[in-house]
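Chemist: Residue numbers (the working numbering), protein chains in the order written: chain H, 719 to 1397; chain P, 719 to 1397; chain X, 719 to 1397.
Hint data in this document are derived by calculation from the structure and do not stem from the laboratory.
Hints should not be assumed to be uniformly reliable.
Intra- or inter-copy, both count: the list cannot distinguish identical chains.
Here are the computed lysine-lysine pairs in the BS3-like style, where the Cα-Cα straight-line distance is at most 27 angstroms [as the list claims (entries may be wrong)]:
no.: 1; residue 1: 778; residue 2: 891
no.: 2; residue 1: 1041; residue 2: 950
no.: 3; residue 1: 1102; residue 2: 1041
no.: 4; residue 1: 1257; residue 2: 814
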Amino acid sequence: MNATLTRVPHLLHGGDYNPDQWLRYPEILEKDVELMKKAGCNAMSVGIFAWAALEPEEGKYEFGWLDQVIDRLYQNGIYTVLATPSGARPGWMAAKYPEVLRVNADGRRIPFSARHNHCPTSPVYREKVRLINTALARRYAGHPGVILWHISNEYGGACYCPLCREAFREWLKKKYGTLDELNHAWWTAFWSKTYPSWDLIDPPFDNGERGVHGLTLDWMRFVTDQTVDFMKAEVAPLKEANPALPVTTNMMGFYPGLNYFKFRDVSDVISWDNYPSWHEGDDRETALSTAMTHDLMRSIKPGKPFLMMESCPSAVNWKPYAKLKRPGMHELASLQAVARGSDSVQYFQWRKGRGGFEKFHGAVVGHLGTGDTREFREVEALGKRLKGLSKLAGSRFVSRAAIICDTENRWALQEMRGLIQEDKGYLAEVRRHYAPLFRMGVNVDLIDEESSLEGYELVAAPMLYMLRAGIAEKLRAFAEKGGTLVFTYWSGIVNDTDLTFLGGFPGGGLQELFGVRMEEIDTLYPADRNGAEVLPAGKEAGLQDRYEIRDYTEISHPAGAEVLAVYESDFIRGLPALTVNRFGKGRVYYAAAVFEDGFYRDFYRKLVSDLSLRPLEVDLPEGVYLSERRLEDNTSCYIFQNFNTEEVSLALPKTLTSLETGESLETLVLPGYGTVFLL
Amino acid sequence: MNATLTRVPHLLHGGDYNPDQWLRYPEILEKDVELMKKAGCNAMSVGIFAWAALEPEEGKYEFGWLDQVIDRLYQNGIYTVLATPSGARPGWMAAKYPEVLRVNADGRRIPFSARHNHCPTSPVYREKVRLINTALARRYAGHPGVILWHISNEYGGACYCPLCREAFREWLKKKYGTLDELNHAWWTAFWSKTYPSWDLIDPPFDNGERGVHGLTLDWMRFVTDQTVDFMKAEVAPLKEANPALPVTTNMMGFYPGLNYFKFRDVSDVISWDNYPSWHEGDDRETALSTAMTHDLMRSIKPGKPFLMMESCPSAVNWKPYAKLKRPGMHELASLQAVARGSDSVQYFQWRKGRGGFEKFHGAVVGHLGTGDTREFREVEALGKRLKGLSKLAGSRFVSRAAIICDTENRWALQEMRGLIQEDKGYLAEVRRHYAPLFRMGVNVDLIDEESSLEGYELVAAPMLYMLRAGIAEKLRAFAEKGGTLVFTYWSGIVNDTDLTFLGGFPGGGLQELFGVRMEEIDTLYPADRNGAEVLPAGKEAGLQDRYEIRDYTEISHPAGAEVLAVYESDFIRGLPALTVNRFGKGRVYYAAAVFEDGFYRDFYRKLVSDLSLRPLEVDLPEGVYLSERRLEDNTSCYIFQNFNTEEVSLALPKTLTSLETGESLETLVLPGYGTVFLL
Amino acid sequence: MNATLTRVPHLLHGGDYNPDQWLRYPEILEKDVELMKKAGCNAMSVGIFAWAALEPEEGKYEFGWLDQVIDRLYQNGIYTVLATPSGARPGWMAAKYPEVLRVNADGRRIPFSARHNHCPTSPVYREKVRLINTALARRYAGHPGVILWHISNEYGGACYCPLCREAFREWLKKKYGTLDELNHAWWTAFWSKTYPSWDLIDPPFDNGERGVHGLTLDWMRFVTDQTVDFMKAEVAPLKEANPALPVTTNMMGFYPGLNYFKFRDVSDVISWDNYPSWHEGDDRETALSTAMTHDLMRSIKPGKPFLMMESCPSAVNWKPYAKLKRPGMHELASLQAVARGSDSVQYFQWRKGRGGFEKFHGAVVGHLGTGDTREFREVEALGKRLKGLSKLAGSRFVSRAAIICDTENRWALQEMRGLIQEDKGYLAEVRRHYAPLFRMGVNVDLIDEESSLEGYELVAAPMLYMLRAGIAEKLRAFAEKGGTLVFTYWSGIVNDTDLTFLGGFPGGGLQELFGVRMEEIDTLYPADRNGAEVLPAGKEAGLQDRYEIRDYTEISHPAGAEVLAVYESDFIRGLPALTVNRFGKGRVYYAAAVFEDGFYRDFYRKLVSDLSLRPLEVDLPEGVYLSERRLEDNTSCYIFQNFNTEEVSLALPKTLTSLETGESLETLVLPGYGTVFLL
C-alpha cells in the first residue's frame, strides 16, 4: 500500500497537470490523457494555481472543467491529487481586497503579481480560502479518483503587513507574558533597545532592527507558526468533508524560510520537490546531497514513506544553465527518491505551457505535443519499471543512525555575528557527518532537536550551538542508556532565545556529557591550516596518524574525557582536537575542529563497525550507493545505485534475489546509471 | 552634399557646444570661435540642456545669448545644429509641476536632479516642450546658419507614473481590443494571473510582475512608442515653422531600452554617439565591435549616410579607467565612422566645463583654454584632413548582405527563462556572423525583422527566437527567389507575444524552410565542450575536418535538409550540427550549435565567394579593414584602415587612385593607425 | 600626568563597561570589580547606550544603579569615564516623538532599532539630550571618580529628514548668500540644474542629485558641521556644571563620513577606536596601517597625547573571519597605541553580554565569568606592565615631518568622475609617502589643509586635487622659508567648490611652486606598465636607475623645474616623471606618476638624511618600528617594537637605558612581538 494513500497499491507516477491553462484547446486536453496512459502515469496533481479558473468572479465557481478533468482521468485509471488553489490569488480579489497582498520587508505592498505572495494573516484571505476549499471539498472529497489533497504550493516567504505585525505581537504576548520577560530574553538592555510597549515591536524590516537576535528568531518562528496555522485553516474544511482523505503540502528540502518539522502534525504525508543540478559537478557528490535532502524530508515523519511531489524530466529553466539530463539519469534520479523512501515519482510538469515564466521548464510533454521525444520515452520506460516495483509502495525506511540538523539552530547560526561571518558552515558540517555513513550504505535520519531519539544507536549533533528546550536532557539520557554521541566545536553556546549560557561552555548541562571544558574558538582565514596528531588511543579508534584542519579550531581542555588527537601546531599545539568521554553506558565524542574528509571516513568506519550499522557487509565502490527499505513483512529490500557512467561489479555478502526479475545473484554487475532492487 | 543636410557640401566637424555654461565669461565665448576655426570645425550642436538659460522663469524666454552665439558662429563659417532642450527641465518646472518628474520602477518620483528623467506622457511637460520648441522654431528655423534640429538628447529610460500607467493601458486596449485576447496572448491562466480588468494591469515594477513575459515585452514596446510619440510632439512645431529643416535625435548604439528602428520615420537623419573603449583589449576587436554598431545605426535607414553626433577626442570620464587615446587613434577612429557611412565627426564636447559631472570628460578644449595641447592638435589635424574628403559627404553605403539583429527579439531572449540565464548570447551570436563578413571587407547591414529584404543576396538570422508578424513569409519569399539564408539553434520558438508555437520547432512555418525538425536544446556548462565532425558534403561547402562546440547544442533531425556536419560526442553523437536545405531557388543553412570562430570564417568565406560579395578581391591582413562607400556617380570609394600599430602592405587587385592625393597605387602601404581612401 | 586628565598620573587601562545590561545579576556586578582589580584596570567607560536604564520613562530618571557603580569603582581605585547616552534613544522617545528617528537617503524613516540613528537636528532630540546630560552633569560632574566625559558614541551617518533638509538650506544661505553665487559655485548651468529657489535644494538622496559635486561636498560638510553642532549642544550643560572636566568623543580613524578635524575645538582630548585585522595579511603591514591611523587621529591636536578608547582583547565579531589574536599580539598592539601617542589602552568591552549583536565580541571577561582564560591573563599581564610606564602619561609626540591627508579632498576625489573610477587611490598614495618615513622611525603627522605647517621641515601633499582656501599660500610660504615639499600628479585641479581652475594646472597659484606645467593625465588599465628612467640629477637625489610605474602617468612639461627622471616608454617617453624646483629657500618635488614602493624608499631616505629627521641613527630591520615620545623634561623615550614572530637584534647608536628595568643597552635584542622603552 502506498504510504497513507490507502487506496493506491502502487508507487505514484505522474505530476503537476494544468488543464486550466488549456481550456481553449479541448483537443489538447484529450490528447493529454492518451499520452498519460502511454507514459504509464497513474496520478496527476490538478488545480495548483487554478483559482482564476475555478472562481473567475467573486463567489462564482466554475467547476465544470474540473469535473470533466477528474472524471476523465479516473475513467482512464489515473488518480487525482487535488490542490487547494491558495498559492496564487485571482485578480478580482487583489483589486477588491488589497489586504490579501503581501507586504515585503521594505514595507511596500506587492502589486498583483506572480504567486506565493499572499498575506497568511489576512482574515479576508483566510475566508476566501475557506470558501473555495469548502466548495472543492464538498464536490470532490468523496470522488473515487481523488486520493490526496495537495495544500497550496511550496509555502514560503513572509508578510510584513500591519495585520501580520499585530499577529506577531499577539504571538509574543502568548510566549512571554510580560514585556519584562521578553526584554530579558532578548537582552534588550543592549543598545537601550528595551521595549516599553508591545506596539513598538516590529519585525526585522530591511531598514529596521536586525541586531536583536531573539527578535529575529522569534519572527522566523512566528512566520513558520503562522504558515502552519494558515495550513490548518486550509485543511479544516477538507477534513470536515472527508476525514479519511489525507493531506500534504509540497516542501522544498533545505529551504531556509520555514521550519518544516513544525508541519509534522498538520501533514498526513510529507512531500517535497526535488531539483538537483545533475552534471554540473561530480554527479556522485550531487547524488549524496540529494539523498541527504530526501533523508531530511523523510525524517519529519521518521520511518514513514514520503512522496516526491515534483521533479523534472529534463532541464529546469530557472538555473544558471539549463543543462539536459543525460540518457539514463532520469531513471537513476527518480529511483533514488524511491530508494530513500519515496512512494512516488512525480513531475513538474506534465506539459509545457505556451507562455509565462515556466514555458521552457522541462515536462513530460513539450510544445511538440506528442510522445515522440527523448524525454517522453524515458518517462515511458520509467513508468513501465515503476509498475514492477509496486511491492515497495508503503515500505519503510528504518535508520539506527541519526544526525541532528535543526532548522532553528541553523537560523540562530546564520544570524549570530562571529565565526566565518557569511556562512558559519552548519550544513557543511552536517554533511561531513552524513557523507561517510551514506557512503557505507548506512540508513540515516536527519532529525531536529524536538525529534525523539528512540530507536537510534548513533546520533551526531554537529555545531549544536543553540540548545532548545529538552535536548540536553534527551542527549544525556541517550548516552546513559548506551547510545553513541558525536559532537563538535561551537556546541551548547546559547539557549533558545539566543542568550549565552553563563559559567562555561558547552553549557546547558552538556559539559559533563562532553567531559571537556571549552575556552575559546579560533576562526581560521581561508588559507590557514592546522593539523591533528593522532594519539595511540585515537589509532585504536580507527584513525590514521594525522589529518589536516581548517576553518575552526576550538580551544578546550579535558575535564574527564580521554584525548584521542591533539593540535599539531600554532599556540594551541598539544591541546585536544578529538576526545571521547564515557558517560553512563555510552560514548561521547567531541571533534574540536574542522578536519579533512578522510577523518570522518575513518572515524565513522570504526563506529559503524562497532555498532554493526551496515545493512549488508559490502564494500561499495565510489559512486555506488546502497539504501534499504523494509517491506510489509519487514524483510529488507536492498537498493544499489551506480552514479558512475561506467559499469561496476561487486561481490555480494550473500545470495540475493532481484525484486524485478527474480534472478539470484552472488555478484552484482551494475551498468552505468543502473539501479537494482534485491531481496 | 551632406546626407540630407542639403546646404552643407562637407563632412561635418564639430561637436556639443555649451555657451550657456559660460555666460559669465564673455572672453571665453570669444575665444571659442577663434579656436573652432583653428581646429577646422564647421558645425556645433548648441542648446542641449540649455532650458534653464533659455527660459529662466516660466514663460520668460532669454534668446539674446543664443542669437549672439548662432550669429557669431555663422559669421565665422560654422553651422549650428540646434537642440531642443527637453533633455533636462528647469527647476521652476520641477517645483511647480511635479508631474513632469519621472517615477522609477520602484514607484518613487525622482527629485529634481540630473537629466533624462522627465515623464514622456505628462501633458504639462508636453505643453511646455511645445511652447519652447515653437519659440525656438519661430526664431531660428529660418536662420541660414541652422542646418539641423537635434531633438532632445539620448532619449532613454522609462517612467512608471500614474499617467504613464494609464497610457500603457490605453495602448493595450488599442492593441488587444478585449481582455480575453490579452489574457490569452499573455497566457495569464498560468499562476492565476488572468486580468479581470484593465485597471489591474501595471508595468513591471521592481516588486511587481516580472514573470508575464508578454506584459514585459508590451511594456518595452510601449516605452518605445511613447518615446517616439513624444519625439513626434517635439518635432511638430519645428516642421510647422520650416518643413525643410531636417531633424535627428542622437541614439546610443546597442542601448537596450529602446527599439531604435521605430524612430526611422520620425528622424530625417540617423545620428548616434560613439564611445568605444580603445586600448582596453585588442583594438582590432574593438574596431570590429564599433563598426558593427555603426552598421546597426546606419541600417535604420539602409543605404543612407548617418551622423556620428558625439565621440570623444581623448578620454571619457565615466568608464572604470579613464585611458587616453594613443596618438593617431583619434584620427583612425574618427575616419572609421566616415568609412561606415557617417557624414560627420562630431565630439562631445567642445570645451570642458568648470564644474559638474562631466568636467573631466574629454573635449577639444580643456581647462587650459588654449590650443596648446595634444588633443587639440590632433583635432586640428583631422579637421584639415576632413576638408579634403568633402566628396564623401552624401555618399551611400550599399550592402548586399544583411544580418537580422532585432531589438524585440533581443528583449524576448533577455526576458525568457532558460538557456544560459544571465545572458542568452544573442549579440554574441550576431557578432559571430558579422565578424567574418566584416573581416573580408563585405559591406553588411544589421536590420530588424520589420526591415525589407530587398537588395540583399545573403541574410543571416541568428537565434531568431521570436517571429514577429510577417518575417516568416518574408524569409520564405527571399529563399524562393534565390536568396541564401543562414539560421541557427533556438529559432522559430515564439510568436510576438512570446507564446510558443505548437506542433514542433522551428514553428511559424519555418520548418519547411529549414528542412529540419528540432527536438530539444542542451545548454552546456562553461567547461563543457562538444565538437562537429564535418561530412564530405560539408567539406565541399568549404569547411575543415572538425570544429569545437560550446554553450548550446540543439538536438534536431533532418526533414529534407542535407547534413553537412554532425556532433562528435556525447549522447547526440551523429546528430546534425550543420545542414543545408534547398528551398525554391535558394539555400537555407542551419547551424545547430555554437562553434569556434574558425567555423564561421570558413563557412562565410565560401558563401561570400559563391555570391561574389567582396567589393575588391583582396586578402586583408589581420586588423586591416575595408569599407566601401558609393559616390554620387555610383563609383566606389574603397577605404582601408589599419588598426595595427605597425605598418602593413598589401597588393591591390587593380590600380586605384588616392582620393586625397591623386596618387595611383598598385600596392598599398598603410602605416600603423593609417587610413586611405581609394577610387 | 595623563593628557589633559589632570587628576590621573597613569596611563589609563580599562574599557567599556555596561552594568546596565546586568542589573538583574547583582553577583556579576560585584564580581566585575574584583576582576577589574585583578586585571590591573583603572578606568571604565560607563553609561554608553544606557539611556533606557537611566530614563526608563519620560522624565523619570533612575540614577541609583549608576551611583552605586561609580562609587564602587572609585572605592576600588577605578576611575569612571562617563558617557552621555545619546548614541541610542529609548523606546518611549521613538514611540512618542518619531522625529528623533533618522531618515535614510532613501527617504524612509528608520524604525526604532539599533543605535546611531538619531536625527542631529531634531529640536526634540536636542532637548531630551540636554535634559539628561544636565541631570548627569549635576549629579556626577563633581564626583572624584569621574575623570572624563565620553560624548555619545562613534558619531556617524547622516539624516535626510525634513528638519535636516531645512537646516542644510539655512547652512547654504549662510555660506553663499545668494542663489546666484551658489549656482555659479556649483556650476549648475550644466544640465539646466540652476536652482531658482532654496526650497528646491535637496541632499543627495539615493534617487536624487548625485552629479552636482559641489552640492554633494557641501552636504558632507553640513553633515560634519551639524554633528559638531550637536556635540556642542551635548557639551554645553556638562561644561556648565564643571568647566574643568574634559570631554572627548570616540572617533573611527579613516571613517569617511565625517571630517574629524572639525572636532578639534569641541573635544578637549582626541580619542578613537582601534580595530586592526591582525594575522589576516602580513602583520608588519597591518602595523604600519595602524600606526598611520593613530597618527591621523593624534594629528587633529598635533603634539598632544590622545586616548585609544576602544580596542579588542581578542577577536571582534563583525569581521568576515573572527580570528583570535596570537599570544603576545595583544600586548604588542596595545603598546603600539602608547608608542604613537596614546595615554591609554582601553577595550571594548569589559564583559561579553549574554545577548544581542555583540555577545561574541571579544572582551576581558567572557561568558565563563572568571579570569581563567588566556585573554584575561594577557590583559592582566599588560595591566601590570602599564603600571610601570606611568612616566609616559602626558608625554608628547613631536613630528618634524607631515603629510597632508585632507578629508574634504578625499571626498572630492571620491565624488569626481574620472581616473580609476571606483577608487581614485588617494589613501593608497598617502600611504606610499607615509610608509618610508615610518619605516625609518621618523615621527610623522597626518594633517589636513587647514592645519598649521609650523614646526615641520618636510611636508608631503599627495594628490592635492582640491585646494581649500589658504593652502596654496601656506605651501608657498613654507617653501619660501626653506621647507621641503613633495607633490604628485593630479594636484591643484579644483577650488573648494570643486570648480576647476582655468588657465592650466596645477592651478590656484601652484604652477610657479611646482615649476611644471601639467597637460593631461593618463589612467592605466590594471595590466599596463610604464617605467621611470632616472637621470644623473635623480641619481644624486638618491635614486636608482629605473622604477616601474602603474595606474597614472601625468603628462607635464618643465617650466622652471629640474627633471630628475623621465618616462621610459609609450608616447610620453622622455617626458618628466619626477622633478625638483627651487622655490625661495626650499625645494619642491613633483612625482608625476605612481611608482613602485622602492622609489619612495630611496627618495625619502635621501630627504630624511638631508634634513636629519631620524630620532636615532639606527637601521631598523624589516618589521621593527621605532617611535619617539617626549617626556615632561623633553627627553626622548625611544620605543622599539618587533612585529616579527622571531627575535631580532640591532646595534644602538648610543647607550640607552630601559625605562622599565633601568638596564643599560648597547645592543637591543627584541623577542618576537616584543616592545622596549628606552631613554
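Chemist: Indicate, hint by hint, whether the structure satisfies it.
Modeler: Hints versus structure:
1. For the identical chains of this complex, residue 778 and residue 891 are inter-copy neighbours only, at 26 angstroms across copies versus 40 angstroms inside a copy, given an alpha-carbon limit of 27 angstroms.
2. Taking CA atoms no more than 27 angstroms apart as the test, residue 1041 paired with residue 950 passes in neither setting, with 39 angstroms inside one copy and 47 angstroms between copies.
3. In the homo-oligomer, the alpha carbons of residue 1102 and residue 1041 lie at most 27 angstroms apart inside one protomer (26 angstroms), although the nearest pairing across protomers, at 57 angstroms, exceeds that limit.
4. Taking CA atoms no more than 27 angstroms apart as the test, residue 1257 paired with residue 814 passes in neither setting, with 71 angstroms inside one copy and 67 angstroms between copies.
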